[in-house]
Structures are given as C-alpha cells and as structure tokens.
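There are 2 protein chains.
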Amino acid sequence: MKKVKVESLVLDKLNNSPVVILKVEGTKKILPIWIGACEASVIAMILENVSFERPLTHDLLLSMVEGLESKVEKVLINKIVDSTYYAKVILRDLTVTEEENEGYFLEFDARPSDAIILALKTNSPIYISNELYNTYTLQYDGESMDNDSEEFRKFIENLDINEFKKFKKGSQGDN
Amino acid sequence: MKKVKVESLVLDKLNNSPVVILKVEGTKKILPIWIGACEASVIAMILENVSFERPLTHDLLLSMVEGLESKVEKVLINKIVDSTYYAKVILRDLTVTEEENEGYFLEFDARPSDAIILALKTNSPIYISNELYNTYTLQYDGESMDNDSEEFRKFIENLDINEFKKFKKGSQGDN
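For the protein sequence lines, the chains are Y and A, in the order given. Here this note's numbering is used: the first residue of the first sequence is 1, the next is one more, and so on. Here this note's numbering is used: the first residue of the second sequence is 1, the next is one more, and so on.
No lab work stands behind these hints: they were computed from the structure. It cannot be assumed that every hint is accurate.
The list makes no distinction among identical chains, and a pair is therefore deemed to hold if it is satisfied within one copy or across any two copies.
Within a straight-line C-alpha distance of at most 30 Å, the following computed DSSO-like cross-link-like pairs (lysine-lysine) qualify [as the list claims (entries may be wrong)]:
| id | residue 1 | residue 2 |
| --- | --- | --- |
| 1 | K88 | K74 |
| 2 | K88 | K71 |
| 3 | K79 | K3 |
For reference, chain Y alone in the conformation it holds in the complex (with noise of 0.2 Å):
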C-alpha cells in the first residue's frame, strides 16, 4: 500500500470526464482516477473549501456514521478490473475496543470518487495498492512537485490522459 494525496482536479476534455490526480508520497509518480460530475462537484467544493448551508449527501453520510459511533479510518484504491476502478471504505467501529478484534474495523465496497471525499472530508489516509502502484501510475521526470511548483502544475495540465486510455477502454469514470 502507498499513501497517496489528492494533487488536483483536472478535465478530461476528449471524453468530458473529471479525473482526479493522485500523488503518491515520497515520490514522482501520480494515479489518474476517472468519476463522475457530480462527485467532481463535490471534490472541487472541498478543495476550494467552499462551504454549504444544507448537508450534501457525504456530510448525511458522515453524520450517520457519526451517529452509529463509528468514524472513517482510511480508504485504500485497490485494483482496477474491467477499466473500473474499486475502493474501499474502512471504517472504526468505536464501541469495540482494539483488544476484542473482530469488528473493529470495517470494510465497504466504494466508488474511488465517493472513498476520496469521504477521506478528504475526514483527513483520512488514502491508500493505492502496490498493484495500482506498479502498473498504472505515472513518473514525473521534474524538479518539484510542490502544489505552487509551475513546472508541476504545467505537467498536470499538460498531462497526456490519453495514455491512461489503455486502463479505461469505454469505461465511464468509475460510475
């Protein structure tokens, strides 16, 4: 497993798609992720830290989990199949203790997009697996990647996402 950040959001302009870039700490190389409009919607409010008076519906979620006493522990990206891409939701059950083991973590099958807002909204860790990590990620050959690096931010922008399409045959994001 790596641990990854959210690096920015980007448009896949030949097929209209938000994609999520993903930075995997300690090195050059990003994951792409395709998702829908609507949770792009949602992770471009996060990252421009724009604020809403009504709960959307990952906030309902997050207060239920809330509620049940539970939290998010982290997310993991585990695999791609089919061009889709899976994630999974690990959430702490908070009734149990560590000591009694089962059930004190549990997992749910997610979308990539749904699992990242719910760890951006949390400041969860987002995990990708060694196997995402081997084969599908990308190499930086810059100098920085810090956010406010132009170099990087050009090479975002500037991203071949056509090069992914390979992973994506007539996949529509990871809906």
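For chain Y, the structure is supplied; the task is to place chain A on it using the hints.
Only chain A this time, still in chain Y's reference frame:
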C-alpha cells in the same frame, strides 16, 4: 404527519430545476419539492428501475448503515425555512431493544432529496409534517389520481410551478 409517496419527477423549466412531486396518501393533495440535478438523476434511476453496477453514494451510505447494525425507519420532510426545505432521516439502531428506549431511534438532518432517495431505496415510509400539509400542498380537483390516469398526468405536466415560487424565493432546490 401525513404519509406521502413519490408521484413523479418534473422539470421547473423556468429555473431549469428538477421538482419531485409528492402525493399525500388518501387525499388529492400534492407537495412539490425543488431538488438538485445530481439527486434528481438518482431518483430518476430508481423510478425507472435502472440499476448500476457500482455502488452509488446512497448505496454506500445504506451499506454502512446496515454494516453498523441499523436500518432506515422512516423519513420526514418537516419544514420550510427561508425557502429551504428540511428533512430528517430516522434510523433504528438494531442493537438497542425497544424497551431500552434511549438510542432506539436516531434522527439525522438531511435534504429532502437525500431523504427521499433513502426511503425509496429501502421501501421506508415518507412523511410530511402537518405544517407542510396545511400550508404548502396543492389540491388536485380531477377524478382519478392513479399513476396511469391521463388526466392526472396532464395535471402534473401542466402544473404551474410558479404557484409555488412564493415558497421558494431565490432558492436553489433543496441544496
């Protein structure tokens, strides 16, 4: 409280906003609720029995509610404040017995669109408060209100959504 069911999904063309039409059971009254485009597409998929390979956000929410040993008991659309509709989703904690009382039911603040989607997906009842029933419903004066009644269909289609604008000044759906 009055029990309602989702009658249809229409478009407020003036504001290009989807509107859910709720019908109060045992009456000829309807309540329109403006919702967001993303939530409308989920409701449309449910009404048209379109299934999706991967879990959508509400499916993830419900799998977590189930995993945390709870269930959706009912939803209540309870008030309109400053042109915004409010709802509650009531969960039942399946680990608490009815006799224990405290914690048996858990209430969560929600947008009506999310509440309606969760009710539809779990076959749970939808209620509106007496205040909404008395103040914000519209009377239908035709004969049959059956889903297949052409007269009622026309009434819904020709509904002057501007009638309701007084309740919705400047608001953007239930967002």
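Hints versus structure:
1. K88 to K74: So K88 and K74 pass the 30 Å test inside a copy (9 Å) and across (28 Å) alike.
2. K88 to K71: both (14 Å within a copy, 21 Å between copies)
3. K79 to K3: Within. Shortest intra-copy distance 15 Å satisfies the 30 Å Cα cut-off; inter-copy 44 Å does not.
Going through the hint list in order, the structure satisfies each hint without exception.
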